[in-house]
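Student: Sequence:
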Amino acid sequence: MLIALEGVRRDGDRLAATVRYSLGHRTWKQPFTCETFPLEPTLDQAGLRFERWVTAERDWFLARSRPAG
Numbered sequence: 076m077l078i079a080l081e082g083v084r085r086d087g088d089r090l091a092a093t094v095r096y097s098l099g100h101r102t103w104k105q106p107f108t109c110e111t112f113p114l115e116p117t118l119d120q121a122g123l124r125f126e127r128w129v130t131a132e133r134d135w136f137l138a139r140s141r142p143a144g
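Residue numbers for the sequence shown follow the numbering used here, beginning at 76 and rising by one.
Rather than coming from a laboratory, the hints here were simulated on the basis of the structure. The beta carbon of each residue, even a glycine, is placed where N, CA and C say it ideally should be. Misleading hints may appear alongside valid ones.
[Stated by the list, open to error] Pairwise CB distance ranges, derived in the manner of DEER restraints:
| id | residue 1 | residue 2 | range |
| --- | --- | --- | --- |
| 1 | Met76 | Thr108 | 20 to 30 Å |
| 2 | Pro142 | Val83 | 32 to 42 Å |
| 3 | Ser97 | Asp119 | 37 to 47 Å |
| 4 | Ile78 | Ala131 | 33 to 43 Å |
| 5 | Phe112 | Ser140 | 17 to 27 Å |
| 6 | Asp88 | Asp119 | 15 to 25 Å |
| 7 | Leu77 | Pro142 | 43 to 53 Å |
| 8 | Glu115 | Arg89 | 18 to 28 Å |
Using the sequences and the hints given, assemble the complete structure.
Tutor: Spelled out as structure tokens, the structure:
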């Protein structure tokens, strides 16, 4: 499988792009937009608390429900 990014655009804290996947004669695209944000305050608003990074690269993290109270 070949995976490539197309049309990458950055506007402040937002990044938009399209991922193109190719396998044999099949190709499909997935556009997306992402935005950077302060992690812990955002989790807090959702009733969650940051627990730890799951990977050394810090690209996955574990969050748990905040205790009621």
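Student: For every hint, state whether the structure bears it out.
Tutor: So, going through the hints one by one against the coordinates:
1. The beta-carbon spacing between Met76 and Thr108, approximately 23 Å, falls within the hinted interval of 20 to 30 Å.
2. At roughly 41 Å, the beta carbons of Pro142 and Val83 sit within the given window of 32 to 42 Å.
3. Between Ser97 and Asp119 the CB atoms are about 41 Å apart, so this pair conforms to the stated range of 37 to 47 Å.
4. Roughly 22 Å separates the CB atoms of Ile78 and Ala131, a value that falls outside the hinted 33 to 43 Å.
5. The supplied range of 17 to 27 Å is met by Phe112 and Ser140, whose beta-carbon atoms lie about 20 Å from each other.
6. At roughly 19 Å, the beta carbons of Asp88 and Asp119 sit within the given window of 15 to 25 Å.
7. Taking the beta carbon of each, Leu77 and Pro142 are about 46 Å apart, inside 43 to 53 Å as hinted.
8. Checked against the hint of 18 to 28 Å, the pair Glu115 and Arg89 passes, with Cβ atoms roughly 20 Å apart.
In summary, the structure is inconsistent with hint 4 from the numbered list given earlier, while agreeing with all the others.
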